[in-house]
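Can you make the complete structure from the sequences, with help from the hints?
The sequence shown runs 1 to 196 under the numbering used here.
Hints should not be assumed to be uniformly reliable.
Ranges of calculated distance between the beta carbons of each label pair, as one might list FRET restraints [claimed, not checked]:
1) ALA26 x VAL48: 26 to 34 Å
2) ALA26 x ALA113: 54 to 62 Å
3) ARG57 x THR125: 16 to 24 Å
4) GLU182 x ARG47: 22 to 30 Å
5) SER120 x ALA76: 23 to 31 Å
6) GLU44 x SER120: 24 to 32 Å
7) ARG52 x SER83: 45 to 53 Å
8) ARG38 x ILE13: 32 to 40 Å
9) ALA76 x SER142: 17 to 25 Å
10) TRP55 x ALA29: 23 to 31 Å
Hints are computed from structural coordinates only; laboratory data are not their basis. Note that the Cβ used here is the ideal one computed from N, Cα and C, for glycine as well.
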Amino acid sequence: MAAGGTSIAPYLITASATLSGVAITAAFAEYRERRRSREERQRERDRVTEERWKWLRQERRQAYAALVHLGFQAAATLLEAASQLHDKGDPKGALELWTRLDELQDAIHAQVADVQLVGSEAVITAAHTLRRSARRTAGLLSQSVDAAKRKKADDDTATDGLSQRIRLLYGATNDLVAAATEDLRVSPGDGGEADT
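This is the structure:
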């Protein structure tokens, strides 16, 4: 080293340390930014998933409720028709309900298709059972009315057919309610969601 000259080494060490500190700070900042971005993307995915499940649950609830309503309507209409036919001896009054039963049968078929789009496997199975129970209900009523008009000896058979179909409709609808309740995890007593 020359006399009176300053050494450059301390300046290089200071500069190196400063640059190293800046590089480390920059690397740490980059790491934090990536982690923050990753966490934000995960939060967004979680939010979208939660909204999708809320939407699906609402769609299920609406589809299930509509089908349950139709099932109980069909059973009640057939019960009313059987009462008109056998209790009141009014075949004409019973036959007036034929159109309503036919419409309900068609509505049940359509609603089962809606349930198939959003429902769980257990509810879809129960919906198919209800649809099978509702099949040809209007035709069975028509046959029973014809038998009652002709005062056939097998009138009791027609009555038994209607009674059995009414039980099937109520049973299938109640099974659907049980499956839907389980799927939606609704406690039957309080009308709210069960703790999960």
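- Okay, which hints does this one fail, numbers in order? 10
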